[in-house]
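Number of protein chains: 2
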Amino acid sequence: MILKTVKLVLRCLYIVNTLLRHKNRSLGSFFYSIKFLLTKRQSFIGICQIIYLMAKEITPRSEDYSKWYNDIVRKAGLAENSAVRGCMVIKPLGFGIWENMKSVLDGMFKDTGHVNAYFPLFIPKSFLSKEADHVEGFAKECAVVTHHRLMNNPNGSGVVVDPSARLEEELIVRPTSETIIWNTYKDWIKSYRDLPLLINQWANVVRWEMRTRPFLRTAEFLWQEGHTAHATSEEAVEEAKMIHEVYARFAEDYMAMPVIKGAKTESERFAGALETYTIEALMQDGKALQAGTSHFLGQNFAKAFDVKYLNRDNKEEHVWATSWGVSTRLVGGLIMTHSDDEGLVLPPKLAPTQVVIIPIPKPDPVIMEHADKLSAALKAQGIRVKIDRDEKKRPGFKFAQYEMEGVPVRVGIGKRDLENNVVEVARRDLKSKESVAIDGVVKYVADLLGEIQNNLLAKAKAFRSDHTTSVDNFEDFKSAIENKGGFVQAHWDGTPETEDKIKELTKASIRCIPNDSVLEEGKCVYSGKPSKQRVLFAKAY
Amino acid sequence: MILKTVKLVLRCLYIVNTLLRHKNRSLGSFFYSIKFLLTKRQSFIGICQIIYLMAKEITPRSEDYSKWYNDIVRKAGLAENSAVRGCMVIKPLGFGIWENMKSVLDGMFKDTGHVNAYFPLFIPKSFLSKEADHVEGFAKECAVVTHHRLMNNPNGSGVVVDPSARLEEELIVRPTSETIIWNTYKDWIKSYRDLPLLINQWANVVRWEMRTRPFLRTAEFLWQEGHTAHATSEEAVEEAKMIHEVYARFAEDYMAMPVIKGAKTESERFAGALETYTIEALMQDGKALQAGTSHFLGQNFAKAFDVKYLNRDNKEEHVWATSWGVSTRLVGGLIMTHSDDEGLVLPPKLAPTQVVIIPIPKPDPVIMEHADKLSAALKAQGIRVKIDRDEKKRPGFKFAQYEMEGVPVRVGIGKRDLENNVVEVARRDLKSKESVAIDGVVKYVADLLGEIQNNLLAKAKAFRSDHTTSVDNFEDFKSAIENKGGFVQAHWDGTPETEDKIKELTKASIRCIPNDSVLEEGKCVYSGKPSKQRVLFAKAY
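Chains as they are written, first to last, in the working numbering: chain W, 1 to 541; chain S, 1 to 541.
Since the hints were derived computationally from the structure, they do not count as laboratory data.
All figures in this text were calculated on a predicted structure; none of them were measured in a lab.
Each hint should be verified, as a subset may be incorrect.
If chains are identical, the list can't say which one is meant, so a pair holds when it fits in one copy or spans any two.
To be verified - Straight-line alpha carbon distances no greater than 20 Å define the calculated PhoX-like cross-link-like pairs of lysine-lysine that follow:
1. LYS75 - LYS190
2. LYS190 - LYS392
3. LYS190 - LYS393
4. LYS75 - LYS186
5. LYS386 - LYS110
6. LYS110 - LYS379
7. LYS539 - LYS501
8. LYS186 - LYS303
9. LYS386 - LYS362
10. LYS102 - LYS349
11. LYS386 - LYS433
12. LYS287 - LYS461
Based on the provided sequences and hints, a complete structural model is requested.
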């Protein structure tokens, strides 16, 4: 108990200190809570809860964007670091978002004719060497399985690797599955009748990254990887472009995250691809996030794994391939696109809980009857609702908690409000609230969810538009990248040398050659050589 | 082309040979096809298709059960071996069944208050040693990651492990996740308010099995593992039992696979558990399949990872745990419970395609109009329908193909039938068919799916009942196990020594101490010592 008191005091000191340091931070929930305390004569426990809550507040974006991101991930309970270097634990809220993403994307893949399958976690080492570019890209930092048995340590403590159980050929934990899949396709594809083969897999992959950040870059991550086989080059390109569209549609329509569609330059392509199509999003710190890629692989993997088919003229040809993937990185993009200094902000379409109902000041039979009725009515509309029945926590604490967790809509049901036949509906994105007549509240909430979804997309689009700059000389280029951040549209001479030089000088890379880039005569901002269109530069994650 | 002709001839010889050897096999589809050929003057391609199809037929159960199983897995396109020893590729049909299982189970877990999360693939080697029994069970045959980098082979060919990239501590690819999860729970659980913690994970795990069989026992497999933490022993036992019920309900209501619920004997328990509840199913060869287990882990893992909570009296206590899992092994159980010598038989509730519509003899506008209309009407009832629009394959070929793939209901739409306003509806389980008036076909098919589901369960129950024997002496015991197979109910003296001895002599193990076992005075079939109830013996997978 003494220890707990000391901890509490330390927390209070921390808060006061925090408050003094950041005079401009949003104190809405704090003042609400103070007012609540003063007017309702709350107990000591209530005060403690609010103090504890304040200690949970997060670093403002303006102060340290990177710390802000980590704070949200940790304090909203999205993920945390594990005992294994670079691997994260995805906590229920973070995983709930990923589950919703999976479910929507899986439906989109199936609607476009794809089926799911599952290929082995391990890839024989020799497979990685079969495609020359691929091995350069993926056979470097990876997890290598060399043994298949442990034994009791002869010295009696714990277990050690059994040296006699060395594998003949080492196995690599898949960093991506082109090689093992194309080795399998060899047996599946004989004739043009077997094509196209449209397969997707949901899986975990491992890349031994040196610097990791939850969701954005982790050693192990979850993703989907589509691997398709086609009779002609045209069909394969069409597939890669179609999936590119699916990804863009998912990002905008579900994540409310606007993206620029375009092609990667040669040096930014996937290892083994002839063309990589990308969707690029802009984060609130002005850095770009590559959110999904779709690759036209030509016949590279078919040749490496000898996958041929008999065409309609009974002649053997190598098969044409695509691969494409999005990963748990999308969760990172979602967090960074919408969240604010009070915590996570989630677009309703992907929020695990869309509406939370909170009894005020606490659950009692009359309030709960209304809460249950409202919850059932919302559920009947397909809305994901939760009632907070906790009797120990105060409303102020709960409000701040759901704000932190990004629940789009909060409905407060209070005794006095009920007498007036109203409830209080608050929206997370604008932090505003309204009294709404109970009669119309279901429709109001359903509409509000749609409005929040639209508002988040509009806001993100406005941000991107404010942070996209067209420049025509290298001074402006450097200044835009350095001072303003965001996307910079500039002419480029098309050479990898210039691309590298610009990256070296400014840390900005070419994110893509946008699909909708207009053809215009211009001069490369760096070399002055002629160029036919602007490409998109930015610093990137 | 010459090669192809030779192959064809060899296939024909194979078929004739097969036919001669197995006079009693079901030749329905063959004769149908022959009749079809003779009456409709089919082309050479048609004849080839049927010959090819016959070559795809499977070994009868009566001849070689194990080969029958492997044939179905391969020929129905459920799974195949991969280039990595013991790891399978789960093909679209097999994965589709698993997806349906996942979706139902996930809903059942959520309905009982669980949420999903995701924990790392890798476990630090030292974690496995922390729980004494657990290390004995799981730290033996496993995949060990020792390095994190490959490099180009100095001799110029391929890649080799970079000796400088040795990990400080080896990582084990999870064989099960108790250790890494309880190491995480340490930070999540502080007070009784944090309990119960009800988390599930869908994941891949690896156990380096020596003898593998698709779905039933593979080095890598997919599963779910629930890991819950509770304040009291009673609550944890209740959770383990509740999940045990969920598993049994899933097996019977969805898989149409009846199971015996019971507790494992001490020697058959999960490594680290105080009690293991199991569901045991009976396969058509009379061997038992352990289909799912739920474990009460006591405080073993809480103590090993020092997970304590402050109880309501403000005292520290160790947390109580459960874990529970089912895996892709269920797909193996499903195959073996219902399938026959014509191929896979699937219970409608889990069949990826519940109804296939086949135009006879081939798609034409009038037939397809009816097919599309029927498909839409069935889909509106939530039924998973597929129309086979392939113009190159003959009906006989298609019939046999969907029989092989276990599609529960086949609707044939023919021109002449349409004139009479009927279609032909065939059910896979009984291989019978009916002419059904078009007007009532949607209801007929919907009802039929329910009837097939019930029939499969009833049939499996009857089989089990026919293959369950109660014996009172060891001669009868041995004879039942050896000659009849199936479950044997017998008295046992409760000692591991007797259990081991019986297993050694008969290969039968105690599958469980059934929940509904009646208390009765008896004598152990082996030792003659007193016993209070019968336990369930069988040879097992």
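Hint check results:
1. LYS75 - LYS190: Only across copies: LYS75 and LYS190 sit 16 Å apart there, 53 Å inside one copy, limit 20 Å.
2. LYS190 - LYS392: Classified as between: cross-chain Cα gap 16 Å, same-chain 66 Å, threshold 20 Å.
3. LYS190 - LYS393: between (65 Å within a copy, 17 Å between copies)
4. LYS75 - LYS186: Classified as between; 17 Å across copies, 48 Å inside a copy.
5. LYS386 - LYS110: between (30 Å within a copy, 13 Å between copies)
6. LYS110 - LYS379: between (26 Å within a copy, 15 Å between copies)
7. LYS539 - LYS501: within (14 Å within a copy, 70 Å between copies)
8. LYS186 - LYS303: Within one copy, since 10 Å is at most 20 Å while 51 Å is not.
9. LYS386 - LYS362: within (15 Å within a copy, 52 Å between copies)
10. LYS102 - LYS349: For LYS102 and LYS349, only the intra-copy Cα distance (12 Å) is at most 20 Å; the inter-copy one is 23 Å.
11. LYS386 - LYS433: within (19 Å within a copy, 49 Å between copies)
12. LYS287 - LYS461: within (15 Å within a copy, 62 Å between copies)
No hint from the list above goes unmet by this structure.
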